[in-house]
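The task is simple: from the sequences and hints, build the whole structure.
Just so you know, the sequences run in chain order D and B. If you want this note's numbering, it's the 1-based position in the first sequence plus 18. If you want this note's numbering, it's the 1-based position in the second sequence plus 18.
Be aware that one or more of the hints could be misleading.
Identical chains blur together in the list; that is why a pair holds if it fits in one copy or across any two.
[Said to hold, decoys possible] Distance condition first, Cα-Cα at most 30 Å in a straight line; then the derived DSS-like pairs of lysine-lysine: (1) K36 / K75; (2) K27 / K157; (3) K75 / K388; (4) K75 / K27; (5) K37 / K75; (6) K154 / K75; (7) K176 / K333; (8) K208 / K159; (9) K37 / K333; (10) K176 / K157; (11) K347 / K388; (12) K199 / K347; (13) K388 / K157; (14) K208 / K333; (15) K154 / K388.
For the record, the hints were derived by calculation from the structure and aren't laboratory data.
Protein chains: 2
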Amino acid sequence: MSQSSWIRKMFEEGDNLKKQYGAENVFDLSLGNPNVEPPARFQELLQQVVQEASPNKHGYMPNAGYVETRRALADYLGRLHGVALTHNQVIITCGAGGALNVILKTLLDEGDEVIVPTPYFVEYRFYVDNAGGVTKLVKTKDDFSLDLGAIAAAITEKTKVVLINSPNNPTGKVYDAAAIKGLADILREKSAALGREIFLLSDEPYRDIVYDGIEVPSILAAYRHSIIASSYSKSLSLPGERIGYLAMNPEMTEAATVLDGAILCNRILGFVNAPALMQRVVAGLQGNHVDVEVYQRKRDLLCAGLSSLGYRFPKPEGAFYLFVRSPLKDDVAFVNTLLRERVITVPGSGFGGPGYFRIAYCVDDRTILKALEGFARAREGLPAQE
Amino acid sequence: MSQSSWIRKMFEEGDNLKKQYGAENVFDLSLGNPNVEPPARFQELLQQVVQEASPNKHGYMPNAGYVETRRALADYLGRLHGVALTHNQVIITCGAGGALNVILKTLLDEGDEVIVPTPYFVEYRFYVDNAGGVTKLVKTKDDFSLDLGAIAAAITEKTKVVLINSPNNPTGKVYDAAAIKGLADILREKSAALGREIFLLSDEPYRDIVYDGIEVPSILAAYRHSIIASSYSKSLSLPGERIGYLAMNPEMTEAATVLDGAILCNRILGFVNAPALMQRVVAGLQGNHVDVEVYQRKRDLLCAGLSSLGYRFPKPEGAFYLFVRSPLKDDVAFVNTLLRERVITVPGSGFGGPGYFRIAYCVDDRTILKALEGFARAREGLPAQE
Chain D
19 MSQSSWIRKM FEEGDNLKKQ YGAENVFDLS LGNPNVEPPA RFQELLQQVV QEASPNKHGY
79 MPNAGYVETR RALADYLGRL HGVALTHNQV IITCGAGGAL NVILKTLLDE GDEVIVPTPY
139 FVEYRFYVDN AGGVTKLVKT KDDFSLDLGA IAAAITEKTK VVLINSPNNP TGKVYDAAAI
199 KGLADILREK SAALGREIFL LSDEPYRDIV YDGIEVPSIL AAYRHSIIAS SYSKSLSLPG
259 ERIGYLAMNP EMTEAATVLD GAILCNRILG FVNAPALMQR VVAGLQGNHV DVEVYQRKRD
319 LLCAGLSSLG YRFPKPEGAF YLFVRSPLKD DVAFVNTLLR ERVITVPGSG FGGPGYFRIA
379 YCVDDRTILK ALEGFARARE GLPAQE
Chain B
19 MSQSSWIRKM FEEGDNLKKQ YGAENVFDLS LGNPNVEPPA RFQELLQQVV QEASPNKHGY
79 MPNAGYVETR RALADYLGRL HGVALTHNQV IITCGAGGAL NVILKTLLDE GDEVIVPTPY
139 FVEYRFYVDN AGGVTKLVKT KDDFSLDLGA IAAAITEKTK VVLINSPNNP TGKVYDAAAI
199 KGLADILREK SAALGREIFL LSDEPYRDIV YDGIEVPSIL AAYRHSIIAS SYSKSLSLPG
259 ERIGYLAMNP EMTEAATVLD GAILCNRILG FVNAPALMQR VVAGLQGNHV DVEVYQRKRD
319 LLCAGLSSLG YRFPKPEGAF YLFVRSPLKD DVAFVNTLLR ERVITVPGSG FGGPGYFRIA
379 YCVDDRTILK ALEGFARARE GLPAQE
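As structure tokens, then:
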């Protein structure tokens with residue numbers, strides 16, 4: 019329990035401050051809870067699905083999900099990634115958290131290693147542990163790009179999975195095509211040397227939330243033993259509804275076995291199936307997403323403000339997080355300084371990235387502007403950073 | 019994978035036969051997928067909740083669920099069980115399957131034993147295994163009532179949990195007040211001897227589906243270290259929506275620690291929270307349930323028919339299953355005989371109850387009547403049973 023989430027801890031600190039000072043006087047940048055409403059089409063489709071009279075509408079369906087939903091998703095992802103996907107390569111899951119638990123349980127044997135670049139979403143460590151695996155953390159470079167040499171060096175005969183997250187939480191980094199190609203080359207070479215496959219698992223719920231026309235390269239196109247875990251939590255602003263998916267490369271050796279294993283794990287881990295009603299709604303929303311420009315404007319507002327105050331950070335290319343270098347060496351101490359200004363952030367230590375702190379900017383503009391006042395005061399008197 | 023579910027296996031056999039002979043010529047009694055529609059109030063509330071304009075409507079909420087839903091549930095369960103429950107004793111979960119995985123992960127250390135009376139819902143074995151525990155099966159008596167002596171004898175220094183399921187899947191048995199009191203007495207005595215508590219965990223999604231005015235005794239009232247796992251899957255016919263709960267005895271030692279642990283496990287197992295929309299709907303449906311008389315009539319139709327054909331079984335008191343003695347010693351062989359009649363049932367071996375087979379009678383009356391024709395032919399020429 020002591021390993022529990024810094025994110026939730028700070029979120030609860032924020033809640034206590036809100037009770038004390040009033041919600042309007044606390045500037046909560048702790049949680050990735052999207053403040054942009056789902057697209058209008060979502061509400062239309064939801065109403066439509068709710069009105070439909072059909073038998074067994076809220077009943078069990080195959081554990082992998084409705085075939086119609088799986089087909090719609092496979093068609094969309096197939097076009098997006100330029101690979102020939104069918105519904106036999108996708109499973110609808112209870113969010114990306116569910117998807118990751120299911121696929122890790124499917125792939126890992128006791129003691130198998132999962133390589134995760136840091137900073138990272140620390141829940142991964144629990145997910146790997148749930149499946150009996152061992153998390154091996156590998157630092158990214160200063161600009162949060164993949165350190166391919168370090169990843170190659172970390173691969174051992176126990177390595178089963180490399181788990182990446184792009185656009186990244188907490189850094190907003192998007193790994194570019196060269197990085198993904200380089201990673202795929204390493205994994206092919208190491209797999210050949212090991213005489214078995216290393217899987218590339220990509221957690222990409224922020225794929226649709228990218229800025230300045232940047233593209234998120236496809237792992238399915240780049241590497242044969244690749245699996246996507248994702249959700250509609252951020253792209254459609256539905257994190258509370260727990261609707262996500264797994265998509266597997268159809269070229270994978272024993273793809274059918276992995277699929278069957280994942281369907282079994284979806285059942286026996288207690289998920290059973292993704293929520294029925296939402297499965298039907300998202301079937302009709304392939305390619306839809308929230309208005310990303312809203313997030314881009316928030317990013318720009320925040321980055322400009324922080325930068326002019328002397329804060330230093332690589333500008334995020336996607337997601338809605340900013341990972342800022344802490345003006346104090348001790349990031350927890352600086353987060354506490356911000357807390358006294360009633361600005362709630364999360365220490366980088368909570369992401370395996372000490373010396374930084376994370377800002378979630380999926381909040382209204384007033385919160386950003388008021389927080390900037392706090393950021394200004396918290397930085398006063400501290401030395402300049404390069 | 020080879021341990022996978024007989025239920026799903028037979029359901030898929032049924033699907034294949036349906037493709038071959040047409041759905042109307044296959045009589046599928048394999049799956050507990052309720053055929054009674056949710057109560058009218060459910061559809062009203064669902065529409066109302068969908069229309070409501072509120073910010074962050076589909077967003078994250080506390081991992082334990084909306085406080086409003088937890089309060090409504092705690093009030094209802096508190097009255098039902100005659101104990102003082104607050105929202106601090108309940109967590110909304112992704113179905114009962116989610117609830118069981120969460121609480122087992124919370125309670126079990128590696129190697130801890132969980133006692134389960136048989137026949138039983140075999141998924142339990144996976145759930146216990148997921149949490150690093152060991153399942154210890156203990157037979158019930160011939161009428162499927164608890165064998166208290168056998169349970170007492172099975173308790174060791176490793177026993178952490180006794181997991182019961184009443185009304186029972188697959189037998190339809192409801193453990194009476196004397197049985198629950200007797201079990202509680204044993205657990206108190208054994209806990210005292212061990213110097214630590216054994217938990218009584220009751221999986222009771224069929225609590226509302228009972229016949230002939232029978233009552234399901236309360237484990238919360240009977241035993242201090244007791245926890246209920248349940249769902250709205252059967253009582254409201256919503257199994258596909260994955261909405262259930264955990265309710266803990268407020269008198270439990272360290273109740274707050276168990277609650278915090280379960281909230282953490284709900285998050286890190288990848289459930290994160292129960293689906294947001296359905297949480298709001300069920301908040302207003304406490305005490306509502308499907309029309310149970312429909313199931314009772316189906317039970318009576320099926321029991322009368324099978325009995326007159328010479329089949330033997332204890333009459334179910336709840337749920338919508340019948341666990342019938344196989345006319346052949348080999349239950350799998352007899353289920354295959356039924357399969358040739360295009361009647362789909364599940365061998366008792368799939369429930370740790372060889373020599374029996376399970377019928378799920380949550381189907382339309384025509385299916386029951388046509389299946390009875392098949393049951394008649396399958397029994398022809400076989401010796402009478404006592």
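Okay, the hints, checked on the actual structure:
1. K36 / K75: Between copies only: 20 Å across chains, 41 Å inside a chain, cut-off 30 Å.
2. K27 / K157: within (24 Å within a copy, 45 Å between copies)
3. K75 / K388: between (47 Å within a copy, 25 Å between copies)
4. K75 / K27: Result: close only across copies, 22 Å inter versus 39 Å intra.
5. K37 / K75: between (42 Å within a copy, 21 Å between copies)
6. K154 / K75: Close neither inside one copy (43 Å) nor across copies (37 Å); limit 30 Å.
7. K176 / K333: neither (35 Å within a copy, 54 Å between copies)
8. K208 / K159: Within one copy only: 22 Å inside, 57 Å across.
9. K37 / K333: neither (33 Å within a copy, 56 Å between copies)
10. K176 / K157: Within one copy only: 19 Å inside a chain, 41 Å across chains, cut-off 30 Å.
11. K347 / K388: within (25 Å within a copy, 76 Å between copies)
12. K199 / K347: Classified as neither: same-chain Cα gap 35 Å, cross-chain 60 Å, threshold 30 Å.
13. K388 / K157: Neither, since 33 Å and 65 Å both go past 30 Å.
14. K208 / K333: neither (33 Å within a copy, 61 Å between copies)
15. K154 / K388: Answer is neither: 39 Å inside a copy and 59 Å across each miss the 30 Å cutoff.
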